[in-house]
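Undergrad: Let chain Z serve as the given structure and place chain V on it in line with the hints.
Protein chains: 2
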Amino acid sequence: MKSAMEKVNIAEKLSLFSDHWNPRIIGELNGQHVKAVKLQGEFVWHHHDHEDELFLVIKGKLKMEFKDKTVEINPGEFIIVPRKIEHKPVADEEVQILLFEPASTLNTGNVENEKTRKHLEKL
Amino acid sequence: MKSAMEKVNIAEKLSLFSDHWNPRIIGELNGQHVKAVKLQGEFVWHHHDHEDELFLVIKGKLKMEFKDKTVEINPGEFIIVPRKIEHKPVADEEVQILLFEPASTLNTGNVENEKTRKHLEKL
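Protein sequences appear in the order of chains Z and V.
Going by the working numbering, 6 is the number at position 5 of the first sequence; the sequence numbering is gapless.
Going by the working numbering, 23 is the number at position 22 of the second sequence; the sequence numbering is gapless.
One chain only, chain Z, in its complex shape (with noise of 0.2 angstroms):
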């Protein structure tokens, strides 16, 4: 990961892998992450007890699901999801995210699958 005072270029973060639902750290503020990240297909329903998650949208188009409605978010657009709400993000085809999060946020939430990634790589 760069260090800080150098700029970052989102496309080129996202270029650098191609694996789904493996968030990468490409930095760091205040306590928080941004993260890089893919998506494709349908993630596992969960909450997070103590984070607020924003989810912004770079390529592609996310659906959020929640308990009672879905939320399409287009590119130059984003979500925040409170903690304690539970949602499911599904992309019907791949969707290009940046994560604004705390540090302490587990992919998963509230939850441990296959998909969770407990340790995540900075680049």
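Derived by calculation from the structure, the hints in this document are not laboratory data.
Treat the hints with caution; some may be incorrect.
When chains are identical, the list treats them as one kind, so a pair holds in a single copy or across two.
[Stated by the list, open to error] Heads up, simulated DSS-like pairs for lysine-lysine below, C-alpha to C-alpha not over 30 angstroms straight-line:
1) Lys62 with Lys123
2) Lys116 with Lys89
3) Lys89 with Lys123
4) Lys8 with Lys119
5) Lys8 with Lys85
6) Lys85 with Lys64
7) Lys62 with Lys85
8) Lys89 with Lys68
9) Lys123 with Lys85
10) Lys123 with Lys68
11) Lys64 with Lys123
TA: Quick look at chain V alone, frame taken from chain Z:
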């Protein structure tokens, strides 16, 4: 400002105002604010004692001046300015920015002048 669990279109928020150096709050999470702002001209040299700041360029070109170098940031790129580091944003032409920083952050940091904005509108 929209309630949580509704998406935010960044360009739409930026279309709602035209003044410079006056950040609007367009998202809140984990004690942090997401702000939209338009910059043109030269800001003031300043630092923040307790807050790191992220500048993500949406449109235009931002020059971030530090005491020992200048970094040019283009659309799709961001820079993180760590706390205590003196910096001065400069925009030769209008640049549209997303800020991510603690809710406590004052735009002019340790300096107060005519560009200081203590009370920010929520859009």
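Undergrad: Each hint needs a verdict: does it hold in this structure or not?
TA: Consistency of the hints with the structure:
Taking CA atoms no more than 30 angstroms apart as the test, lysine 62 paired with lysine 123 passes in both settings, with 25 angstroms inside one copy and 26 angstroms between copies. Proximity of lysine 116 to lysine 89 under the C-alpha cut-off of 30 angstroms is restricted to the intra-copy arrangement: shortest distance 13 angstroms within a copy versus 42 angstroms between copies. Taking identical chains as interchangeable, the C-alpha atoms of lysine 89 and lysine 123 lie at most 30 angstroms apart whether they share a chain (25 angstroms) or sit on different chains (28 angstroms). Proximity of lysine 8 and lysine 119 under a CA criterion of 30 angstroms is satisfied in both settings, with 26 angstroms inside one chain copy and 28 angstroms between copies.
For the homomeric pair lysine 8 and lysine 85, the shortest alpha-carbon distance between copies (18 angstroms) is at most 30 angstroms, but the shortest distance inside one copy (33 angstroms) is not. When the C-alpha separation of lysine 85 and lysine 64 is checked against a cutoff of 30 angstroms, the pair qualifies only within one copy, where the shortest distance is 19 angstroms, while the shortest distance between copies is 39 angstroms. Taking the shortest Cα distances, lysine 62 and lysine 85 sit within 30 angstroms of each other inside one copy (24 angstroms), while across copies they are farther apart (38 angstroms). Taking the closest pair of Cα atoms, lysine 89 and lysine 68 come within 30 angstroms of each other only inside a single copy of the chain (9 angstroms); across copies the shortest separation is 45 angstroms, beyond that limit.
When the C-alpha separation of lysine 123 and lysine 85 is checked against a cutoff of 30 angstroms, the pair qualifies both within a copy, at 27 angstroms, and between copies, at 24 angstroms. Within a single copy, lysine 123 and lysine 68 get their C-alpha atoms only as close as 33 angstroms, which misses the 30 angstroms cut-off; across copies the closest is 27 angstroms, which meets it. In the homo-oligomer, the alpha carbons of lysine 64 and lysine 123 lie at most 30 angstroms apart both inside one protomer (26 angstroms) and across protomers (26 angstroms), since each shortest distance falls under that limit.
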